[in-house]
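J.: Here's the letter readout for the chains.
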Amino acid sequence: MTCDERRDALFLLAAEELEAPERDELRAHLADGCPRCLGALAEAQAAVAKLALEIEPVTAPESVRRALAARIALESRLAEPAALEAPARGARSGRLRTALAAGLAAVLAAGATVLVTQIRVMRAERDAETRRAALDVIGSPYMHAIDLKGPGLGFQGHGHLYWDYHSGGCYLRATAMRAPEPGKVYVLWFTDADGGPLRGGVLAVSPDGEATLLTEMPRDIDVTGAVAVTEEANAAALRPSADAVLRGELQTF
Amino acid sequence: MAESRDDLTLMELVARRDAAALDALYLRHGSLVFALCLRILRNHAEAEEVLQEVFWELWRSSSRYAAERGSARVYLVQLARSRALDRVRLRRRRETLLADAGGPSVIAAELGGERRASNPLAAALSGEEHQQVRAALHVLSESERRAVTLSFFDGLSHAEIAAHLGEPLGTVKTRIRRALLRLRNALVGPSDGEKR
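Residue numbers (the numbering used here), protein chains in the order written: chain A, 1 to 253; chain B, 1 to 196.
Careful, some of the hints might be misleading.
Beta-carbon label-pair distances, calculated as ranges [said to hold, decoys possible]: (1) B:S157 / A:E125: 54 to 62 angstroms; (2) B:R60 / A:S63: 14 to 22 angstroms; (3) A:H158 / B:L27: 43 to 51 angstroms; (4) A:A235 / B:Q132: 56 to 64 angstroms; (5) A:D220 / B:S63: 20 to 28 angstroms; (6) B:S157 / A:A233: 48 to 56 angstroms; (7) A:R239 / B:G166: 48 to 56 angstroms; (8) A:D32 / B:Q131: 51 to 59 angstroms.
Source of the hints: derived by calculation from the structure; they are not laboratory data. Please read all numbers here as calculations on a predicted model, not as lab measurements. Every residue gets a Cβ at the ideal spot worked out from N, C-alpha and C, and that includes glycine.
Looking at chain A on its own, in the form it has when it is part of the complex (with noise of 0.2 angstroms):
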């Protein structure tokens, strides 16, 4: 068969309309680079493509406009802590670092007090940053809240966990936590298509037993399934290795 006679089955093949064999032999040719049938078939595309300039446009909503930028902001917010968590240690180190030599300075220079005072702005502009990324979350039009409760058994922590499913943003905030035992984290897991364990972070425990991690929903998660929050001794465990504290269920979707 010559390219010229292949210009049919392309049409067809680009409005998925061709079958095996036919179809097969053509992705075959394809895949082996000819420059005139790849050509063709990216005309064909764009003639199908315009098929659907038969329906008249429709203004598309704002609402939709305005999460994907809510969506955009809160991705880059979540990436920059991400940044920071994975050379985790060492940027931070450098951070406290630069701070301290900073900090060094200003004590010979000023004394103490300014140390103090830029350290507590540094948190406080990152607490407020998180607080408004989990804000965007919670406030959402499309938020889910999912109830988390403990096993009982003495164990008294309990909470929300917040997903903004246009986003995919996810929040997560429990109180009366007991401060994991030392050298453990908390770690917040999903359940995957297949029902395995999907990671979601680790979250921060202040010392009054607030819990909270904000983070992006994996992609593959089950919506119907689990979500458990497991004491672990490896900040990094792709399993969890202990029973939950925290337990509930997507379900709704």
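Position chain B relative to chain A; hints supplied.
T.: Just chain B now, kept in the frame of chain A:
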């Protein structure tokens, strides 16, 4: 052509994580993508979700976009059609409502309440092509147009179309194939073999 070049520039900017460029593409093509989603899904909320999904996917995977494989509009239409049809098929599988899905003739009525795009630039850019497509579709007979619509916009398989129209499968296959090639001739011209 200027539109394609502008789109290409915007796609390059999106690949460099420029949110304003994505917004510009949304303003330019969002109404077409949304109309297509509505036409296929016939559900406003689902169409909004797919619209966002399409532009989000563009944002996340724009570095994989190959300009030589088609314009941004072609890319978006293909993506939207594919995602919307996935949902339709999933819905059908879940609810097994194929028999009660309703005819495509109700689509226009269901879209009646939507606001038509008021973007004059988009309207001017697509107006001529819109007429061209309308004219091309009028080359087809009513039965051909119906079969193509059921396939392209409703995502029905040949067997489903045959059942829907109460016609033999072979007849439907032949009709769609013939109709698509006639459309091709009307939209991009006949193949060399046909010219001779």
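J.: Would you list, in rising numerical order, the hints stated earlier that this structure does not obey?
T.: 8
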